[in-house]
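Modelling step: build the complete structure from the supplied sequences, incorporating the hints.
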Amino acid sequence: MLEVTSQQPAIDGWFATDDAGKPHLIGSKCPLCGTYVFPPRENNCPNPACSGDVLESVALSRRGKLWSYTENCYAPPPPYPAPDPFEPFAVAAVELATEGLIVLGKVVEGTRAAELKVGMEMELTTLPLFTDDDGVERIVYGWRTAGGDAERSDEEEQR
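Residue numbers for the sequence shown follow the numbering used here, so the first one is 251 and each next one is one higher.
It is worth saying that the hints were derived from the structure and are not from the lab.
There could be a bad hint or two in this list.
[Claimed, not checked] Cβ pair distances, simulated, as ranges:
no., residue 1, residue 2, range
1, C283, V390, 37 to 43 Å
2, P335, K272, 27 to 33 Å
3, P329, E306, 20 to 26 Å
4, E337, P296, 31 to 37 Å
[Stated by the list, open to error] In silico DSS-like cross-links for lysine-lysine, where the CA-CA straight-line distance does not exceed 27 Å:
no., residue 1, residue 2
5, K315, K356
6, K356, K279
7, K356, K367
8, K272, K356
9, K315, K272
10, K315, K279
11, K272, K367
12, K367, K315
Note that the structure is a prediction, hence the values are computed from the model and not measured.
Cβ atoms here follow ideal geometry from the backbone N, Cα and C, with glycine treated the same way.
Pasting the structure below:
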């Protein structure tokens, strides 16, 4: 097993962490109509009723409600990295608290789909995807259930 020398996002520009190490997604917002989009992009508002062509980069909510979920029971095919041995994992579709966007992501290891319930509060986290040949652990965003001791929602933090 390779020794991890550092961590880097598997895909640059989709999420970042604040000074406290808390992750947030990076999305885009149309300044004309207020429509949000994830993953981020620089142009072409996704709202068909809007002619906006320039989008602004914005930090998105860290929390939301579970909109739907499933369990992935098959290892991803090459060239995608798969753990050996492969174990099924839950995938969550979370409706972000403020923006209303629905964002798919893997659920933390140890949480099975049978433990999830539509409407439950979820919060963003990061997960290791794989370690490359240089010892760099590539990380992705993911979801975990927001338990009783979890941080307050984005709206509560802003009050």
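Verification of the hints:
no.: 1; hint: C283 - V390: 37 to 43 Å; result: violated (30 Å)
no.: 2; hint: P335 - K272: 27 to 33 Å; result: holds (32 Å)
no.: 3; hint: P329 - E306: 20 to 26 Å; result: violated (33 Å)
no.: 4; hint: E337 - P296: 31 to 37 Å; result: holds (35 Å)
no.: 5; hint: K315 - K356; result: holds (15 Å)
no.: 6; hint: K356 - K279; result: holds (24 Å)
no.: 7; hint: K356 - K367; result: holds (15 Å)
no.: 8; hint: K272 - K356; result: holds (17 Å)
no.: 9; hint: K315 - K272; result: holds (18 Å)
no.: 10; hint: K315 - K279; result: holds (21 Å)
no.: 11; hint: K272 - K367; result: holds (24 Å)
no.: 12; hint: K367 - K315; result: holds (10 Å)
Comparing the model with each numbered hint stated earlier shows that hints 1, 3 do not hold.
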